[in-house]
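Participant: Chains as they are written, first to last, in the UniProt record's numbering: chain A, 1 to 185; chain B, 1 to 185.
No wet-lab data here; the hints were simulated from the structure.
Please note that the accuracy of each hint is not assured.
Treat identical chains as interchangeable: a pair holds within one or across any two.
Derived DSBU-like pairs: lysine-lysine, alpha-carbon spacing no greater than 35 angstroms straight-line [what the hints assert, rightly or not]:
| # | residue 1 | residue 2 |
| --- | --- | --- |
| 1 | 181 | 113 |
| 2 | 6 | 113 |
| 3 | 33 | 137 |
There are 2 protein chains.
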Amino acid sequence: MKRHAKRDYPLMDIRRHLETGPIVLVSSAWRGKTNIMTMGWHMMLQFTPALFGGYIWTGNHSYEMIRQSRQCVINVPTVDLIDTIVAIGNSSGSEIDKFKEFDLSAGQAERVKAPLIDECYASFECELADDTLVPDKGLFIWQVVKAHVAPSPKNPKTVHYRGDGEFMVAGPSLSRRGSFKPEML
Amino acid sequence: MKRHAKRDYPLMDIRRHLETGPIVLVSSAWRGKTNIMTMGWHMMLQFTPALFGGYIWTGNHSYEMIRQSRQCVINVPTVDLIDTIVAIGNSSGSEIDKFKEFDLSAGQAERVKAPLIDECYASFECELADDTLVPDKGLFIWQVVKAHVAPSPKNPKTVHYRGDGEFMVAGPSLSRRGSFKPEML
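Could you build the full structure based on these sequences and the hints that come with them?
Facilitator: This is the structure in structure tokens:
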């Protein structure tokens, strides 16, 4: 599978890759093991520092790894990885090594121990910023501390989950830049 | 503009319209006035009861209306409303009546005082369920108490914000239902 050569990317602009609501792959590391989970329930929360919220079910093998390590990497895949995305979501890290099983390449992160996924076009290194609602709602609030994004594709064909095994693939881009007040851009 | 005839919709299934990450229009009512704001930072949080989180900036005219009334309606527009969406996001309810200004029809909700927007194909009536992170993060956690969705279009062309005045329009659907474990559907 294609690996993306990513570059440093401004933290201020990460919304460009997360606000559209794509399925992301969350990688983690804890006590010498790594894991990957799919995540569809997430949101931007702040520009600076860059905050991002994500829901993790307690039943996920990644839950304790991420809660204990207080770190993860949010990786954004495109539609060419659809079968890998589905396979990751339908298997458990308690039984398999997902990097090995799904032939994914673990890249070295700069600020966290969790690995980047080289086959994803964007990877965001995260440290846990607020765990207030982790016990009651499963809501982890992350500070993105380092961003890596491949310069192309410019408008990546991300996948967005509709439930029931169906995905929406990112379609055409539409600019209305001229209709925005400058302070709203 | 086209009004959608919506029907009752199972609360359990609202993720089908929200998890993909569309721009939504949030309508509110407080002390005899109504307002509408655009929202792109939001996420599903729970199936039953149906919980949904959304970020509202304190600078929005809707902020106090929603914080005080503890209610809102989350309406999902499609790409035919793109110019209305942009105009709503670039104007303030402190200066104009957005329903009147943008020729939108306020429908009667069942469980809340905030109006439905008839031109949106889906509307979700919400009551504030958790305000823990409202002061610090602007994060409102809503319980969706009533859902209305038009039976068509089946795969609506929602719009997803990329920042910088650019939108991604929902593209084709892709099913991988056959690759899911039954308990994961």
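Participant: Looking back at the hints listed earlier, which ones does the structure fail to meet?
Facilitator: none
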